[in-house]
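Asker: Here is what each chain is made of, one letter per residue.
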Amino acid sequence: MRNLFNFLIQYSVLILFLILEVTSIFLVVSNQGYQKSVFLSSSNTVVSGMYQVSNSVVEFFKLSAANDNLSEENTALKNEIILLKNQLSTLEPETKDSVHFRIPPEMEYEFISAKVINNSTNKLQNYITLNKGLRDGIKVDMGVVSDEGVVGIVKVVSTKYAVVIPVLNEKIKINCKFKKSNYSGPLQWSGEDYRYANLKDIARHVEFSLGDSLITSGFTNTFPEGIPVGTIEDFKIKESDAYYNIKVKLAVNFRTLSHVKVINYKNFYEQRTIEKVAEK
Amino acid sequence: MLSLIQNIFSFIVLILLQVLVLNNVQFLGFLNPYIYILFILSLPVKFPRWITLILGFVLGLIIDIFSNTIGIHAFATVLIAFFRNGIIKLFISIEEGSNPIPSFHSFGVGAYIKYVVFMVMLHHTSLFLLEAFSLQLNWMTLLRILLSSFVSILLILGIRSFNKR
Chain U
194 MRNLFNFLIQ
204 YSVLILFLIL
214 EVTSIFLVVS
224 NQGYQKSVFL
234 SSSNTVVSGM
244 YQVSNSVVEF
254 FKLSAANDNL
264 SEENTALKNE
274 IILLKNQLST
284 LEPETKDSVH
294 FRIPPEMEYE
304 FISAKVINNS
314 TNKLQNYITL
324 NKGLRDGIKV
334 DMGVVSDEGV
344 VGIVKVVSTK
354 YAVVIPVLNE
364 KIKINCKFKK
374 SNYSGPLQWS
384 GEDYRYANLK
394 DIARHVEFSL
404 GDSLITSGFT
414 NTFPEGIPVG
424 TIEDFKIKES
434 DAYYNIKVKL
444 AVNFRTLSHV
454 KVINYKNFYE
464 QRTIEKVAEK
Chain S
36 MLSLIQNIFS
46 FIVLILLQVL
56 VLNNVQFLGF
66 LNPYIYILFI
76 LSLPVKFPRW
86 ITLILGFVLG
96 LIIDIFSNTI
106 GIHAFATVLI
116 AFFRNGIIKL
126 FISIEEGSNP
136 IPSFHSFGVG
146 AYIKYVVFMV
156 MLHHTSLFLL
166 EAFSLQLNWM
176 TLLRILLSSF
186 VSILLILGIR
196 SFNKR
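Protein sequences, first through last, are from chains U and S. Residue 254 in our numbering sits at position 61 of the first sequence, and the numbers go up by one each step. Residue 184 in our numbering sits at position 149 of the second sequence, and the numbers go up by one each step.
Mixed in with the good hints there might be a few duds.
[To be verified] In silico contact screen, one side only, chain S against chain U (beta carbon under 10 Å); selected entries:
{"hint": "1", "residue": "51"}
{"hint": "2", "residue": "67"}
{"hint": "3", "residue": "85"}
{"hint": "4", "residue": "89"}
{"hint": "5", "residue": "91"}
{"hint": "6", "residue": "92"}
{"hint": "7", "residue": "95"}
{"hint": "8", "residue": "103"}
{"hint": "9", "residue": "104"}
{"hint": "10", "residue": "106"}
{"hint": "11", "residue": "112"}
{"hint": "12", "residue": "117"}
{"hint": "13", "residue": "165"}
{"hint": "14", "residue": "175"}
{"hint": "15", "residue": "176"}
{"hint": "16", "residue": "198"}
Since the hints were derived computationally from the structure, they do not count as laboratory data. Ideal Cβ positions, reconstructed from N, Cα and C, are used throughout, including at glycine.
Extracted from the complex, chain U is given alone in its bound form (with noise of 0.2 Å):
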């Protein structure tokens, strides 16, 4: 006993060591599927907070960027609502009834606008952190797009914040497609460069060109047809391969993100119910 006693005393620093280095590790490993405590990851809200007031001085050296991408969207859409008036005042009827129309299905979208208050381009797993949370109705697995296209998927939730993983993390892959050939795959970050990813899957009879924009394919219930996700950078195949490698441009500019939407589909518990059903 006494023996014991004195080897623990004699290696106490080493053991010590040993236990610290085996808490790291732990915390590691079963931090890989994703920071499954919220009260470790930076929605904590003392973290968030803090890096909200830092965002706040950031921010202002950004404005005047932000301002003119608000001013060209104000303009589009503009432009669009004078074409919809334009179109709405040839098909009502000159009478008019009680009947109202039904909202049509790509209505039941709506966006919740939320603030970047952290974010990261040059790690391997980047994240990005909302000033928005479950109060504003956030809930996970929700789209997040910028003006510009696709940002990432919700993936943890607080009361005031949500952290979110963005395209440029090789965890998640975007299930994409051509907007001229209709035909998809999925898209991931290489994790060496905040402009491009890889799209794979694509197979060799399939016809594009250098410049063709990708879309969201709309298959998933996160995003909705249509959103913009990049372009034909580059493009590789080997006699060999059956698979297209190719490097897409991404359409958002992780850098300069500071305002982003969060897409809630209304019916999104609805669908995927009748869907579970079904696989049943």
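Following the hints, put chain S in place on chain U, whose structure we already have.
Answerer: For chain S alone, kept in the frame of chain U given last:
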């Protein structure tokens, strides 16, 4: 007492500098210097090792919480906290009874640079290897280790050259 307050102050300042400024430095897209370990580097030579280990763990964990990488920084920082004394003994013999704080002045320029280079390389290598745990990007990881270490070493030596003690 004064040195305790100084240490707490440098602990907080280094964390803020790392989290709010350096984690946003994105030169070439994959270069991220980590200088918060300067806190571990600058503890007195005879500082109790078990406290060094626990401080290393806490420091690493705080950085982890801010960068969403739970455990990775804690591991790397505890590693250098453990091997610190061995690395110091490699380059310099400490006199009996003295307890210097590592610096250009107390170690000599050559020995201090070697000490910083060794510690930073050890920290960054373990850090980036652990981060790339699940990926096969070997040459990328190597490049990240070398470039980030180089910038971290320059920053740490730069900061230390301003402190005269």
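Asker: Are residue 67/S and chain U close enough, Cβ to Cβ, to be under 10 Å, as the hint says?
Answerer: It holds, given that the least Cβ distance between residue 67/S and chain U is near 5 Å, below 10 Å.
Asker: Classify the hint on residue 175/S as holds or violated, based on whether any CB of chain U lies nearer than 10 Å to its CB.
Answerer: Constraint on residue 175/S satisfied, holds at 6 Å.
Asker: Does the interface hint hold: is residue 176/S within less than 10 Å of chain U, judged Cβ to Cβ?
Answerer: holds (9 Å)
Asker: Does residue 112/S pass the interface check with chain U, least Cβ-Cβ distance below 10 Å?
Answerer: holds (9 Å)
Asker: How about residue 89/S: closest beta carbon in chain U under 10 Å, or not?
Answerer: Holds. Min distance 8 Å.
Asker: Holds or violated: is the Cβ of residue 95/S closer than 10 Å to a Cβ in chain U?
Answerer: Where the cut-off is 10 Å and the nearest Cβ of chain U is about 7 Å from residue 95/S, the hint holds.
Asker: Let's test the interface hint: is any C-beta of chain U closer than 10 Å to that of residue 103/S?
Answerer: holds (5 Å)
Asker: Given a cut of 10 Å on the nearest C-beta pair, is the interface hint for residue 106/S held or broken against chain U?
Answerer: holds (3 Å)
Asker: Under the criterion of a CB-CB separation shorter than 10 Å, is residue 165/S in contact with chain U as hinted?
Answerer: holds (6 Å)
Asker: Was the hint right that residue 117/S lines chain U, CB cutoff 10 Å?
Answerer: holds (5 Å)
Asker: Under the criterion of a CB-CB separation shorter than 10 Å, is residue 91/S in contact with chain U as hinted?
Answerer: At about 8 Å, which falls below the 10 Å cut-off, the nearest Cβ of chain U leaves the hint on residue 91/S intact, so it holds.
Asker: Given residue 51/S as an interface hint, is its Cβ closer than 10 Å to any Cβ of chain U?
Answerer: holds (9 Å)
Violated hint: 16 only; the structure is consistent with all others.
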